Each structure stands twice: as C-alpha cells, then as structure tokens.
Amino acid sequence: MILSPYCRKKNYRNNKNALSKILCEQTEINMLIKSLDFYVTNLDLKRPYSISYKTVDYVENVIVVLTLENGITGLGAANPSPFVVGEGVKDTLNILNEWDKDLLLNRDIREIYDCLYLVHSTLKGHAGARVALDIALHDAFCRWLEKPLVDFLGRRVSGLPTSITIGIKDVGDTLEEAEEYIGRGFIYLKVKLGKSLEEDLERLIKLRETYRDKIHLRIDANQGYNKEELHRFYDKTKNLDLELIEQPLPVRDSAQMKTLPLEVRKLIAADESLINAADAFDLAVLPSSCGVFNIKLMKCGGIVPAQEIATVAGLGGNKLMWGCNDESVISISAALHTALSSPLTRYLDLDGSLDLAKDVVEDAFIIKNGIMSVTDRPGLGWKPGISI
1 MILSPYCRKK
11 NYRNNKNALS
21 KILCEQTEIN
31 MLIKSLDFYV
41 TNLDLKRPYS
51 ISYKTVDYVE
61 NVIVVLTLEN
71 GITGLGAANP
81 SPFVVGEGVK
91 DTLNILNEWD
101 KDLLLNRDIR
111 EIYDCLYLVH
121 STLKGHAGAR
131 VALDIALHDA
141 FCRWLEKPLV
151 DFLGRRVSGL
161 PTSITIGIKD
171 VGDTLEEAEE
181 YIGRGFIYLK
191 VKLGKSLEED
201 LERLIKLRET
211 YRDKIHLRID
221 ANQGYNKEEL
231 HRFYDKTKNL
241 DLELIEQPLP
251 VRDSAQMKTL
261 PLEVRKLIAA
271 DESLINAADA
281 FDLAVLPSSC
291 GVFNIKLMKC
301 GGIVPAQEIA
311 TVAGLGGNKL
321 MWGCNDESVI
331 SISAALHTAL
341 SSPLTRYLDL
351 DGSLDLAKDV
361 VEDAFIIKNG
371 IMSVTDRPGL
381 GWKPGISI
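Letter by letter, the sequence shown follows residues 1 to 388 of my numbering.
Just so you know, these hints were derived from the structure itself, not from any lab.
What you are looking at is a predicted structure, and each value in this text was computed from that prediction instead of being measured.
Yeah, the Cβ is synthetic: ideal placement off N, Cα and C, and Gly gets one too.
Honestly, I wouldn't trust all of these hints.
In silico PhoX-like cross-links for lysine-lysine, where the CA-CA straight-line distance does not exceed 20 Å [unchecked claim]:
#: 1; residue 1: K319; residue 2: K258
#: 2; residue 1: K383; residue 2: K368
#: 3; residue 1: K46; residue 2: K169
#: 4; residue 1: K227; residue 2: K195
#: 5; residue 1: K383; residue 2: K147
#: 6; residue 1: K206; residue 2: K169
#: 7; residue 1: K195; residue 2: K169
#: 8; residue 1: K358; residue 2: K46
#: 9; residue 1: K214; residue 2: K368
#: 10; residue 1: K238; residue 2: K266
#: 11; residue 1: K206; residue 2: K195
#: 12; residue 1: K101; residue 2: K124
#: 13; residue 1: K214; residue 2: K195
#: 14; residue 1: K206; residue 2: K236
#: 15; residue 1: K34; residue 2: K124
#: 16; residue 1: K238; residue 2: K206
#: 17; residue 1: K90; residue 2: K34
#: 18; residue 1: K258; residue 2: K214
#: 19; residue 1: K227; residue 2: K214
#: 20; residue 1: K195; residue 2: K236
#: 21; residue 1: K227; residue 2: K266
#: 22; residue 1: K358; residue 2: K383
#: 23; residue 1: K319; residue 2: K266
#: 24; residue 1: K227; residue 2: K258
#: 25; residue 1: K101; residue 2: K90
Just the calculated beta-carbon pair ranges, DEER-fashion [unchecked claim]:
#: 26; residue 1: K124; residue 2: P48; range: 44 to 52 Å
#: 27; residue 1: S35; residue 2: K214; range: 48 to 56 Å
#: 28; residue 1: L105; residue 2: P287; range: 25 to 33 Å
#: 29; residue 1: G159; residue 2: A357; range: 25 to 33 Å
#: 30; residue 1: N226; residue 2: D363; range: 20 to 28 Å
Using the sequences and the hints given, assemble the complete structure.
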C-alpha cells in the first residue's frame with residue numbers, strides 16, 4: 001500500500017480509526033486505469049461446423065487489455081454475431097478504436113460501477129464493445145480484490161454440467177460425434193437443427209435409440225421452423241425426453257410463441273428473440289412466451305445487462321440458460337462466473353471455447369466430465385497463454 005504523507009504522519013499502521021483508514025486508502029494512485037488496448041485475433045477452429053443459416057470454419061475475437069498503474073491486467077473478449085446484434089468482430093474493433101478511451105483512463109478501478117456506467121451509457125447499441133470492456137473492468141477489479149469474480153457477484157451455484165454442441169450433419173456423423181463427446185465425459189448434448197424437419201427427426205430418434213438414458217438431449221433450431229413445423233416436431237419428439245427447444249421460430253414470429261400450447265412454451269428457450277432486459281420483459285408478460293431465458297453476454301452486452309435479464313427472469317418465473325458464441329476462454333469464464341451467481345441458473349451451454357485451436361490465455365475455468373466450475377484464482381481465473 002502507498003501511504004500519503006498525512007497517513008504516515010498520523011502513524012497509519014497503528015491507527016484503529018476506520019475512517020482514517022478509508023481516507024488513507026483513498027489517496028492511493030496505483031488503482032488508476034493506465035492503459036486500454038484493443039486488437040483482433042484469429043483463434044481458428046479444430047473443425048468447422050454448420051447451423052441452420054451458416055457454416056463456420058474459423059473464429060476471430062476482439063481482445064481488450066486493461067492495465068492498472070500497479071500492473072494488474074484485466075482482460076475482456078468479444079465475438080458478437082452480426083446475425084443477432086447487427087455487428088461483427090471488425091465492427092466492434094472499429095467502434096472501440098473510435099470510442100473516447102479518456103472516459104476510463106485515469107479512473108480508479110475501485111469506482112467499478114461508475115466505470116461500468118460510462119461504458120454502458122456511451123456505447124448503447126454496440127453489444128460487442130460493451131461486453132469486452134465490461135468483462136475487462138470486472139476482471140481487473142476482482143484481481144485487485146484478490147477474489148474470483150463469482151465471489152464478488154455472490155456465489156449461488158458451485159458448478160453445473162455444460163452441454164456440448166453437434167452441428168447440422170447426417171445421421172452417421174452425428175452419432176460419431178456423439179460417441180466422441182460421451183467418451184470425453186459429456187452427457188448433455190445440444191443438437192443443431194432447422195434445415196430439414198425430416199432429417200432432424202431422424203437424427204434425434206437415432207440418438208435416443210442408440211444411447212437410451214445415457215445422454216440428455218437439448219436441441220437448437222436457430223429460428224429454422226415455422227409454427228406448423230414446430231407443432232409437428234413437438235408431436236414427433238414427445239417420447240424423446242428433450243430438455244429444451246431453443247429458439248424454434250424466427251425472431252419476426254416471436255409474438256406467435258405466446259399462442260403455442262403451454263406444454264410447448266415451457267420447453268422453449270428464447271435465444272435470438274432475447275437480447276436485453278426489455279425483450280425479457282416482453283417474453284415474460286403473460287401469457288409467457290417461453291420457460292427458459294438463454295442469456296448470452298455477447299447478445300446483451302456484458303455482465304451488468306445479463307444481471308438485469310436475470311432479475312426479470314426472477315420476476316417472471318423463468319429458468320436461466322447461459323449460452324455463448326465461439327469465444328475465448330476469457331468471455332466464457334465471465335459467463336460462467338455470472339451464471340454461478342444466479343439461483344435461477346439451470347442450464348449451461350458454455351462450450352464455445354472447446355473447439356478453438358488456440359487461445360490468448362489458459363485454464364480460466366475447470367471442466368471435468370462435462371461439469372464446469374471456476375478456479376480459486378482472482379478475477380476470471382485465467383493464466384497467461386500464447387499472448388496478451
């Protein structure tokens with residue numbers, strides 16, 4: 001600790017007056033934000049995959065490096081989907097480079113909520129830029145606290161299994177990939193659907209026949225069905241014991257979700273139709289549109305807006321699922337810490353870093369037999385990797 005002349009004169013170390021202690025601590029200058037740097041990195045993929053509207057064969061992320069005067073580094077990352085929030089990685093980098101960094105530079109990291117307010121109030125409509133800065137601020141602050149982020153937010157859950165995703169492919173390749181994941185300890189499988197209803201049904205039926213009660217099945221149609229197809233899908237899969245049906249209808253048809261039978265709505269997890277707390281409110285207003293909110297930091301813009309959505313979920317009686325895009329372990333860890341801070345969390349779908357060929361840091365979280373938990377290291381828990 002750096003002591004002011006006032007504190008030294010008053011013999012701070014022996015002073016038991018709490019107010020004097022606070023005054024002395026507030027004179028420290030090494031808590032100030034010294035620098036902010038932004039760059040894009042290609043993390044590649046171990047193998048490409050397909051969903052209903054695109055094929056992905058490489059992954060880029062924006063990385064934010066926030067450094068304090070005392071050398072503490074906080075990291076943030078972003079890979080927003082232009083199909084969902086209207087901006088991609090390159091847009092995010094441009095927005096960050098054009099943004100006034102002086103709003104944060106030389107601010108005290110201990111004024112964490114003022115710093116977060118400046119980010120979220122000046123970057124409205126730019127989810128990627130907000131999430132990267134939001135995560136970096138939380139990481140630096142909790143590294144200064146010497147506490148894991150989840151302990152600052154309030155730990156409510158110790159760990160949960162994550163699903164791992166199988167993209168759109170034929171039956172044989174689907175079974176082969178499922179076998180691989182089961183061998184790695186994952187028993188919660190999320191299957192991408194939405195291109196062909198008949199092929200979707202064939203894949204799911206074969207998966208359940210092959211693995212019986214050895215696996216839990218979740219599906220993600222990525223807006224691939226219309227209302228009639230969804231009714232048919234539900235009727236044909238009633239006996240497959242599906243955990244949830246993620247975003248079956250297009251966002252433009254979100255209002256139709258309120259007209260679905262209650263037993264169908266309870267299974268639906270809103271994804272692309274849930275960007276922010278206002279969307280959560282619309283979905284929760286009776287008759288509710290869904291039983292589950294899928295929160296993604298990349299959609300809503302960070303930990304602060306994610307907590308706002310979680311608050312609405314609590315008021316509306318919705319369960320929480322925490323999802324992701326293809327992301328560095330930096331932002332996956334941020335989502336995990338936030339997820340474990342909510343008593344409403346029921347589902348994790350945080351596999352977005354598992355198929356990356358490389359990353360900028362390592363060991364940000366623990367995953368064993370498919371169960372995710374955080375480390376006891378401060379902040380997001382990462383260790384330096386190939387580069388920062």
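We went through each hint and held it up to the structure:
1. K319 x K258: Measuring from Cα to Cα gives roughly 17 Å; hence the hint holds.
2. K383 x K368: holds (18 Å)
3. K46 x K169: The hint holds at about 16 Å.
4. K227 x K195: holds (15 Å)
5. K383 x K147: holds (15 Å)
6. K206 x K169: Roughly 13 Å separates the two Cα atoms, so the pair holds.
7. K195 x K169: holds (10 Å)
8. K358 x K46: holds (9 Å)
9. K214 x K368: The hint holds at about 17 Å.
10. K238 x K266: holds (13 Å)
11. K206 x K195: holds (17 Å)
12. K101 x K124: At roughly 16 Å apart (the allowed maximum being 20 Å), K124 and K101 satisfy the hint.
13. K214 x K195: violated (26 Å)
14. K206 x K236: holds (13 Å)
15. K34 x K124: Given pair K34, K124 is violated - Cα atoms ~24 Å apart, limit 20 Å.
16. K238 x K206: This hinted pair holds, its Cα atoms lying about 14 Å apart.
17. K90 x K34: violated (25 Å)
18. K258 x K214: Not OK: K258 and K214 at ~33 Å, beyond 20 Å, violated.
19. K227 x K214: With a Cα-Cα distance of about 31 Å, the restraint between K227 and K214 is violated, given a limit of 20 Å.
20. K195 x K236: holds (17 Å)
21. K227 x K266: Answer holds: K227 to K266 is near 16 Å, not above 20 Å.
22. K358 x K383: holds (14 Å)
23. K319 x K266: holds (10 Å)
24. K227 x K258: holds (11 Å)
25. K101 x K90: holds (18 Å)
26. K124 x P48: 44 to 52 Å: violated (34 Å)
27. S35 x K214: 48 to 56 Å: Taking Cβ atoms as reference, S35 and K214 lie about 50 Å apart, which means the hint holds.
28. L105 x P287: 25 to 33 Å: violated (49 Å)
29. G159 x A357: 25 to 33 Å: Holds, since G159 and A357 (Cβ atoms, about 26 Å apart) stay within the stated range.
30. N226 x D363: 20 to 28 Å: This hint is violated: roughly 44 Å between Cβ atoms.
Taken one by one, the earlier hints fail for this structure at numbers 13, 15, 17, 18, 19, 26, 28, 30, listed in ascending order.
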